[in-house]
Amino acid sequence: MIEPGYNRVHPNTILLSAVAVIRQMIWVLLVAVIQMVQNRGRGDFTELLFAGMGGIAVVIAVIQYFSYGYVVRNRTLEIRSGILSRNLRTIPIDRVQNVNISRPFLHRLLGLVEVQVETASGAGVEAKISALKEEDAERLKEELTGVAARSEVFARERPDVAYQASFKELMIAGATENRVFTIVGGIFALTQFGGLDDEIIVDFVKKAMDSPELTHLPWHVWALLGLGLLMLGWIVSIVMTLVQYWDFEVIREKGKLKRSFGMFNQIENVLPPGRVQIMRQSQSFVQRWLGYGKLYVETAGSFELKEHAGRSVFTPIALRSEAPRLTHLVMPSLEVNDLPWQPIPQRAVVSRMLFSLLFFPALILTAWFLRGAIPFPNWLTPLGLIGTLAGLFSLIAMETYLAVRKARVAWTGHHLASRVGVFTVVEEYLPLQKVQSVLWSQTPRQRRFRLATLNFVTAAPSPSGKFLTMADLDQAEAERIMEEVHAAVREHADWSSQGF
Amino acid sequence: MSHPGSVVSPAWRSLDPRVKKLWAGNSLLAPVPFLIFALIPLGVLTSRGRIPSWSILIAVGVALLIIVTTLLLINARYASYSMRITDDDVAVRSGILWRSKRYVPRHRIQHVDIHAGPFARSIGLAEIHVYVAGGTAMTIPGLAELEAENIRQHLLRAIAPLDAPPTLTSS
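Heads up: the protein sequence lines correspond to chains A and B, in order. In terms of our numbering, the first sequence is residues 1 to 500. In terms of our numbering, the second sequence is residues 1001 to 1171.
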């Protein structure tokens, strides 16, 4: 039993955690059910075993419920849990990076929410308080962040909506991303882990591959099939984007930003702008053409629960012309349109192509000398092979050339920025204040071309957000930027006392 | 005992020469990952008679080659390593072919560890791990134990609060 003074979570937590346990065991249960059907009438203990396991799950859930308590006092969040081994976790409010209120679908059916508290330790969510009533959750969030509840009725200032994704914008966001690979991956996963049907699928594919009707299908049928898959991916990505980012809103309140979104699983997340490590804008080819872009922010909180490949989405999509205003919300002194972009040296093209320059001619020559010596299959002539290799080489050359031509870096004295990409262009902005350490590196290839790479390391835990990279700078220029950044960071010893 | 301030100097310094001995010892371990990946399939294949048993000798030869190469590179590796500790930052340069320089501003340091394995301890060496928010920032190998301790004290002095330290009566 918990001590008096602690708040208890909602009793329905028992139900929710029992369901969670059952959901974790779903595959085991499936196998058991199938076995049970197969062994019917022969009497076995599987049923009993599973009844027992279910019972234990419920008992554990009940014990957890009665031993779990939380309280906010002396500017510290305290959470007690456990009966046999007891835990007391204390989190100073000043160390809280993010507070998320999430409403998974099942919680919503019961009218409950889950509160997640993240600190900078990077090891996931520090405290997860599952199943609270909405009012309790909002009160807790206000105590932790000072940001008032959305549902509070009285004495509330009008919320300052900084960004709101319209239906049209969400449609564009979904339509400009294709999830074919998600579908292909999903089908693959189904065949791998989807229980007992995989043999049927494998048999089907084998039979289909062997049957002459299928292997001799005309090419336009295959093309149509491919097109169909692309269309499917397109539709799936629109639907997924709509479901995930439905009602996306960024609200400014008391100097903090609050994001809320989601159709079934709703998430509400408070983001102190000063805690953002790196801000990133990505524009795919089509998005750039339409004048839209997507903004991500990277904090020192956990990255497991972030929405998109470990990043927090700041705007699912927004007009490029809105970017200065939106980045201002997070980094007030950053002027994205006035960054002193400078190109990287052209010789980086040769440096990056060095391997391909040696590899492809060697391969082509080998193919030419071997043209009489080895039997080529009839669908591939030596000339066809050489042509393919040459085509591939020119594609790589073009891509490398454009990548170097389009790459930019910027250093303003307060911010570092980089821009990379040919088809999808990604810009990253890093405030000097968030630089933890600097790494200068040079490969043998780069040394030959007097180039160097700079990495500015931040406290963000996600692999995608840890660094801002400036690749293939001129060696002397890299030294200069590093010295300047370093001197600037050195001057601000006071930053270390302000948290991350 | 020397004053902790003595570790500070604006010039790049090399590591303690005894680290070569440590690296020489460690080079015996260098081919271990290769051996694990090579010997298991080779062992399985030879025991089933798929390939002649002398092919295991090739793997052993490659392992010896790795050891010899590592030993030959020790001097170059030692020469490529240097460090600099000033009042404001710590820097380490390293790498023979793939070169890198790491800079950590002193006030960004979160904590400092000193590590010494059994072999390093027996020759009186230790290494320092410097952590910043978000993970390890750098490792300085090959320091005399006393020097490592002095560096640690010097680095941690910088992390002291910048405001006036709390008095005993204030809290």
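One or more of the hints may lead you astray.
So the derived list for chain B, only partly shown, Cβ under 10 Å to chain A, looks like this [claimed, not checked]: (1) Pro1017; (2) Lys1020; (3) Lys1021; (4) Gly1025; (5) Ile1085; (6) Asp1088; (7) Asp1089; (8) Pro1105; (9) His1111; (10) Val1130.
Just so you know, the hints here were simulated from the structure itself, not pulled from any lab data. Glycine included, each C-beta is placed from N, C-alpha and C at the ideal position.
How the hints compare with the structure:
1. A hinted interface residue such as Pro1017(B) counts as satisfied when its beta carbon comes closer than 10 Å to some beta carbon of chain A; here the least separation is about 26 Å, so the hint is violated.
2. Interface restraint check for Lys1020(B): the shortest CB-CB distance to chain A comes to about 23 Å, outside 10 Å, so the restraint is violated.
3. Restraint check, Lys1021(B) versus chain A: the minimum CB separation of about 28 Å is more than 10 Å; hint violated.
4. Taken as an interface hint, Gly1025(B) does not check out: its beta carbon lies about 28 Å from the nearest beta carbon of chain A, beyond 10 Å.
5. Hint status for Ile1085(B) relative to chain A: violated, with the closest Cβ pair at about 14 Å, above 10 Å.
6. Residue-level restraint check for Asp1088(B) holds (minimum Cβ-Cβ distance to chain A is 4 Å; threshold 10 Å).
7. Taken as an interface hint, Asp1089(B) checks out: its beta carbon lies about 7 Å from the nearest beta carbon of chain A, inside 10 Å.
8. Checking Pro1105(B) against chain A by beta carbon gives a least distance of about 5 Å; that is within 10 Å, so the hint holds.
9. With a cut of 10 Å, the hint placing His1111(B) at the interface with chain A is violated, because the nearest CB-to-CB distance is about 13 Å.
10. Interface restraint check: Val1130(B) against chain A, minimum CB-CB distance 9 Å, threshold 10 Å, status holds.
Checked against the numbered hints given earlier, this structure breaks hints 1, 2, 3, 4, 5 and 9; the rest are met.
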